[in-house]
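Keeping their order, the protein sequence lines are chains A and B. 0 is the number of the first residue of the first sequence in numbering that gives the first Met the number 0; add one for each residue after it. 0 is the number of the first residue of the second sequence in numbering that gives the first Met the number 0; add one for each residue after it.
Don't take each hint at face value.
No distinction is drawn between identical chains; accordingly, a pair holds when it is met within one copy or between any pair of copies.
As the list claims (entries may be wrong) - Mimicking SDA-like on lysine to any residue, the simulated pairs with C-alpha atoms at most 25 Å apart in a straight line are:
no., residue 1, residue 2
1, Lys314, Gly11
2, Lys271, Arg250
3, Lys102, Leu21
4, Lys134, Asp88
5, Lys221, Glu37
6, Lys102, Glu86
None of these hints come from the bench; they were simulated from the model.
Protein chains: 2
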Amino acid sequence: MATIKEVAMTAGVSVATVSRVLNQNGYVHEDTRRKVDEAIAKLNYTPNEVARSLFKRKSKLIGLLLPDITNPYFPQLARGVEDEMQENDYRLIFGNSDERRQKEMDYIQTFVQNNVVGVISSTNDPDTDIYTGLKIPMVFLDRTSSGQPSVYADGREGGKIAARELVKRGSKRITVLQGPTHVQPAIDRYEGAIEILEEQDVHYNVLETTSFSLTDAEVWAKDLFGKYPDTDGIIASNDIVASAVLQEAHRLGKRVPEEVQIIGFDNIPLSKLLAPSLSTVHQPAYEMGRAAAQLLIQLIEGQYTEQQHMKFPVKFIERETTRKVD
Amino acid sequence: MATIKEVAMTAGVSVATVSRVLNQNGYVHEDTRRKVDEAIAKLNYTPNEVARSLFKRKSKLIGLLLPDITNPYFPQLARGVEDEMQENDYRLIFGNSDERRQKEMDYIQTFVQNNVVGVISSTNDPDTDIYTGLKIPMVFLDRTSSGQPSVYADGREGGKIAARELVKRGSKRITVLQGPTHVQPAIDRYEGAIEILEEQDVHYNVLETTSFSLTDAEVWAKDLFGKYPDTDGIIASNDIVASAVLQEAHRLGKRVPEEVQIIGFDNIPLSKLLAPSLSTVHQPAYEMGRAAAQLLIQLIEGQYTEQQHMKFPVKFIERETTRKVD
Chain A
0 MATIKEVAMT
10 AGVSVATVSR
20 VLNQNGYVHE
30 DTRRKVDEAI
40 AKLNYTPNEV
50 ARSLFKRKSK
60 LIGLLLPDIT
70 NPYFPQLARG
80 VEDEMQENDY
90 RLIFGNSDER
100 RQKEMDYIQT
110 FVQNNVVGVI
120 SSTNDPDTDI
130 YTGLKIPMVF
140 LDRTSSGQPS
150 VYADGREGGK
160 IAARELVKRG
170 SKRITVLQGP
180 THVQPAIDRY
190 EGAIEILEEQ
200 DVHYNVLETT
210 SFSLTDAEVW
220 AKDLFGKYPD
230 TDGIIASNDI
240 VASAVLQEAH
250 RLGKRVPEEV
260 QIIGFDNIPL
270 SKLLAPSLST
280 VHQPAYEMGR
290 AAAQLLIQLI
300 EGQYTEQQHM
310 KFPVKFIERE
320 TTRKVD
Chain B
0 MATIKEVAMT
10 AGVSVATVSR
20 VLNQNGYVHE
30 DTRRKVDEAI
40 AKLNYTPNEV
50 ARSLFKRKSK
60 LIGLLLPDIT
70 NPYFPQLARG
80 VEDEMQENDY
90 RLIFGNSDER
100 RQKEMDYIQT
110 FVQNNVVGVI
120 SSTNDPDTDI
130 YTGLKIPMVF
140 LDRTSSGQPS
150 VYADGREGGK
160 IAARELVKRG
170 SKRITVLQGP
180 THVQPAIDRY
190 EGAIEILEEQ
200 DVHYNVLETT
210 SFSLTDAEVW
220 AKDLFGKYPD
230 TDGIIASNDI
240 VASAVLQEAH
250 RLGKRVPEEV
260 QIIGFDNIPL
270 SKLLAPSLST
280 VHQPAYEMGR
290 AAAQLLIQLI
300 EGQYTEQQHM
310 KFPVKFIERE
320 TTRKVD
């Protein structure tokens, strides 16, 4: 009896392609599909149901590691990854790393033990052994590495945009809320913002924060106005932190944006529902998730991929926590 | 060389129990552990690392199916499940069903193909063949079924609370935003609210909605004030919908809560950041996720579980979109 390998050889395609035709999932070009159908007819091949399901099973799991799904930026990324994977009949083993090295290592290890065929990870240590030693395709998401494929947003430019917009709109005493110093996108944004503030010789202060959690953000927001009561422009490390700052400004009776401007980062869905609605720097999270999944699938299926580093542009979303310019 | 099977036979326990002792995960009674240790010593058994990791792999995956991770209520549930599973060395295959039957069936099927040892699912069809025919332990989360273990919140009581609080605070022409009619918790809340409104003989209208998406919610919010311009109390189907209603009220210049009171459902993290902050009915999502995971682990490990149906209480969170009572 003919095997799936013989069908693949006769049709001149990979076993994965034959499997996609048989299982009617994933994209297969019309011509390729015809070749496979012809090979199946020629060899009188009957797919063995058990073998099929084994084959399907083996090729199906992907490991996805994100920092924390309760930060509203990450569900967008996760959903983009999942939609693309689901449409192509891959399934996700999912974990939260909490940006902690040990949890991250544990997850990557069990991904491998569970025979994942690829990994998507938001890591702060892309060059560590866990990744360089990985024998399966992987893509960094929301993070980048010179050596490995990655899909990320232009955080540095995002930081620059935030600083430029506040300065252009008249803030003179800016406070930069620096995100966690071990989280790469937070570092990029921070450095971008500082570069512009230095260049334009604007007075600024920096307040370091250590997480993106809302509970912590509420404490930092109080801290901020305690330390720098006359600040008139705030660059928050993300939208959650910006939301907490906005609420604290309300509580103190400061008018936003007249007395103090606030700009966030991410453009999470609820940022436009705040009152005043939050001006922020948009990252195309859902699209980035989709793109990372597409790239990983191409790598897994051995397709030629021109672009292994995809830097997504970010953009300013003007809402009501920044003043209008003429 | 002795095998793990021989150890199990000698100790008079299952292979899974020996594995739990070897891998130091999962609960094993002290007496059982001693028997296993004695059998290991007697047979001079050395665990084969490869076999161990193979065995470990088999026992590790759990399928988790939620409606939509981009609805901010569900990341809390997911995080509760994941934290509990991670601490007990289980891993999650995760999928979004979008409350669609076909996607749900596809996922459950591939969970099984991937040898998950248990399933946690938020389904609207708990009594369907997919679940009743499942040969592995499962727990319904955020949903309930008479036959199967489940962890859920008291949605009906939640609906009653929302209606009672608005009536008590003086709303006379209430609009109930009825959630999707195929989503069980939405039905429960709706019915609870209507029961109270009928009982107290309050004038009310119902506006049916078909999803919890923010984009849709913005349309319904416009609809609501178009159809019922003199409504003075709104029971929203969840916090997302409530947020959109609050924003539309702002846009129309309606004072909240003086002219119109709004109450949400879920108590998602950002509901307290809205201005005015959102009064809502709290569901303990994270705790429910943890409880569902604990229950499933007990079922998988064959432990006695007294309570297979856990209904979590809900409570009113008084904030600023409802008026004060003396």
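(message) Checking each numbered hint in turn, tell me which of them this model violates, lowest number first.
(response) 1, 5
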